[in-house]
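Residues per chain, in single letters:
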Amino acid sequence: MIEIDVEKKLYGANGTMKLDVTLQIAQGEFIALSGKSGSGKSTFLRILAGLDEAKGEIEVSGKSWLNRKKTLPPQQREIGFVFQDYALFENMSVLDNLLFVSKDLALAQKLLAITELTQLKKQFPKRLSGGQKQRVSLCRAMMRRPKLLLLDEPLSALDAVMRAKLQQEILTLHREFATTTIMVSHDPSEMYRLASRVIILDNGTVTDDGMPKDILLKTKGSQKFSFEGELLEIKEVDVIKIAIVAIGQQIVEIVVSDAEVQNLQIGDKLQLSTKAFSPIVSAF
Amino acid sequence: MFDILLDLDYTPFIISFKLATITTLLLFILSVPLAWYLSQSRSKIKPFLEALTALPIVLPPSVLGFYILVALSSNSPLGAFFENYLGINLVFSFTGLVVASCFYSLPFMVQPLQSGFSGLNQHMLEASYLSGKGKFVTLYKVALPNIKPALLTAVVVTFAHTVGEFGVVLMVGGSIPDETKVASVAIYEMVEMMDYTKAHLYSAIMVLLSFTVLLSVYIFNAKEKKILG
Numbered sequence: 008m009i010e011i012d013v014e015k016k017l018y019g020a021n022g023t024m025k026l027d028v029t030l031q032i033a034q035g036e037f038i039a040l041s042g043k044s045g046s047g048k049s050t051f052l053r054i055l056a057g058l059d060e061a062k063g064e065i066e067v068s069g070k071s072w073l074n075r076k077k078t079l080p081p082q083q084r085e086i087g088f089v090f091q092d093y094a095l096f097e098n099m100s101v102l103d104n105l106l107f108v109s110k111d112l113a114l115a116q117k118l119l120a121i122t123e124l125t126q127l128k129k130q131f132p133k134r135l136s137g138g139q140k141q142r143v144s145l146c147r148a149m150m151r152r153p154k155l156l157l158l159d160e161p162l163s164a165l166d167a168v169m170r171a172k173l174q175q176e177i178l179t180l181h182r183e184f185a186t187t188t189i190m191v192s193h194d195p196s197e198m199y200r201l202a203s204r205v206i207i208l209d210n211g212t213v214t215d216d217g218m219p220k221d222i223l224l225k226t227k228g229s230q231k232f233s234f235e236g237e238l239l240e241i242k243e244v245d246v247i248k249i250a251i252v253a254i255g256q257q258i259v260e261i262v263v264s265d266a267e268v269q270n271l272q273i274g275d276k277l278q279l280s281t282k283a284f285s286p287i288v289s290a291f
Numbered sequence: 241m242f243d244i245l246l247d248l249d250y251t252p253f254i255i256s257f258k259l260a261t262i263t264t265l266l267l268f269i270l271s272v273p274l275a276w277y278l279s280q281s282r283s284k285i286k287p288f289l290e291a292l293t294a295l296p297i298v299l300p301p302s303v304l305g306f307y308i309l310v311a312l313s314s315n316s317p318l319g320a321f322f323e324n325y326l327g328i329n330l331v332f333s334f335t336g337l338v339v340a341s342c343f344y345s346l347p348f349m350v351q352p353l354q355s356g357f358s359g360l361n362q363h364m365l366e367a368s369y370l371s372g373k374g375k376f377v378t379l380y381k382v383a384l385p386n387i388k389p390a391l392l393t394a395v396v397v398t399f400a401h402t403v404g405e406f407g408v409v410l411m412v413g414g415s416i417p418d419e420t421k422v423a424s425v426a427i428y429e430m431v432e433m434m435d436y437t438k439a440h441l442y443s444a445i446m447v448l449l450s451f452t453v454l455l456s457v458y459i460f461n462a463k464e465k466k467i468l469g
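Line by line, the protein sequences give chains D and V. Mind the numbering: the first sequence is residues 8 to 291 in our numbering, read in order. Mind the numbering: the second sequence is residues 241 to 469 in our numbering, read in order.
Hints are computed from structural coordinates only; laboratory data are not their basis. Possibly wrong hints are sitting among the right ones.
Heads up, simulated EDC-like pairs for lysine to aspartate or glutamate below, C-alpha to C-alpha not over 20 angstroms straight-line [unchecked claim]:
(1) D:K43 to D:E235
(2) V:K465 to D:E85
(3) V:K373 to D:E235
(4) V:K373 to D:E85
(5) D:K128 to D:E97
(6) D:K276 to D:E235
If we strip away everything but chain D, and leave its shape as in the complex, we get (with noise of 0.2 angstroms):
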């Protein structure tokens, strides 16, 4: 069981802001944390990594990382750490990133097997690809077998199908080793397909805390499909006005009434929902 209570001044583009959170967390426990960017969710982890300062209090597992008398620091806490740059050691080869952490070799052959990395193990950092600096960043984060795995928005560097592939190996680690985890992302599908709890931070404070599905799935009301995008041109073809919209990596055309586009402006936020009953589903 992890316990924290945490405050911490922060000064952001908007002027100062506090950050406040409160939390109780499982052991063997995934979860999200995402927000705007400036919402605290990356000082929020470096808190509990002890690199950032803050008052309040951590206890895991009965043991008190911070209270009012002491804070331990970084080097007493158990914590596995994967920053979104990697930051490998650039000196060193993937085997001994891994084993700068602890000397255990059949850990360390271990994680290199489930991220198969083990081809890969007398490379240096710079002949990896991003998607391999990230694995080798997450095995050496295992090494410690920490008590919590903090992800600073681990994959958001990396494109479409090596993030679907991290995100399984991810998976397979926490099933592996029932770290407890806490993941900053963005990206809703991977935080359904990973996290058991989906936390929203905004403005320093929790403003959501729940099941993935309760927070993430937003087709309230009877829409079926529901989508964000953005706004990128209104067209009009002979009587009829089309919308261009960014959704994800992808471009689309929809049909727009005048009424609507009155409301519209180039580069808003859309919700696109419709209530197709018979969608078309084919695999790639």
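Keeping the supplied structure of chain D fixed, place chain V upon it in accordance with the hints.
For chain V alone, kept in the frame of chain D given last:
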């Protein structure tokens, strides 16, 4: 031609290189912790320390030499301490030259190291702390091996700069043959005595050596960049 080269007294060069080697070694040991502290610290005294380390770059060597001479002479508490308790005379001696050179060349060691450390990915250092490693292990196992070009630049520039120093050496060391007469001072004396042949030879040797050393640093750094990039 060869006879002149063979007859040349190379002792000033040997003293110069001995001085530079010892100074570089001492400064390396002292500067790594200092540069590391300066690169990681957000303390209020940091600007003061930075200004103090950079001072030898802007001060005339005569000013620096004068103060070092005053501080090391047996009339000052420091000089008296060394002379009475350790039996070391710091003025007009090789030991005194080493102390003076350490002050004079300090910025040339500290600054490249500090900028190397500052350029490191902070997350990489944090990853080391998160791996349970302390500052000392992080410095020697992660930080230093990842700033090799800066390391080489610091060592070589410090060495070359110490070989090339003149004013401070003349003031603190005087020009005692076989003791404190380094190459740069020897050239100065030859010119004064209008012995231009020897002055030419000594100077040419200095230019050649300095250029070779600097060239090898730049070649190494270019290669290192190619590997890293």
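Holds or violated: are the alpha carbons of K128 of chain D and E97 of chain D at most 20 angstroms from each other? It holds: about 13 angstroms lies between the C-alpha atoms, which stays within 20 angstroms.
Are the Cα atoms of K373 of chain V and E85 of chain D separated by 20 angstroms or less? 12 angstroms, holds
Would you check the hint for K276 of chain D and E235 of chain D, treating anything up to 20 angstroms between C-alpha atoms as holding? This hinted pair holds, its Cα atoms lying about 7 angstroms apart.
Is K465 of chain V within 20 angstroms of E85 of chain D, Cα to Cα? 36 angstroms, violated
Does K373 of chain V pair with E235 of chain D here, judged by a C-alpha cut-off of 20 angstroms? 44 angstroms, violated
Would you check the hint for K43 of chain D and E235 of chain D, treating anything up to 20 angstroms between C-alpha atoms as holding? 15 angstroms, holds
Hint compliance for this structure: hints 2, 3 are not met, and every other hint is.
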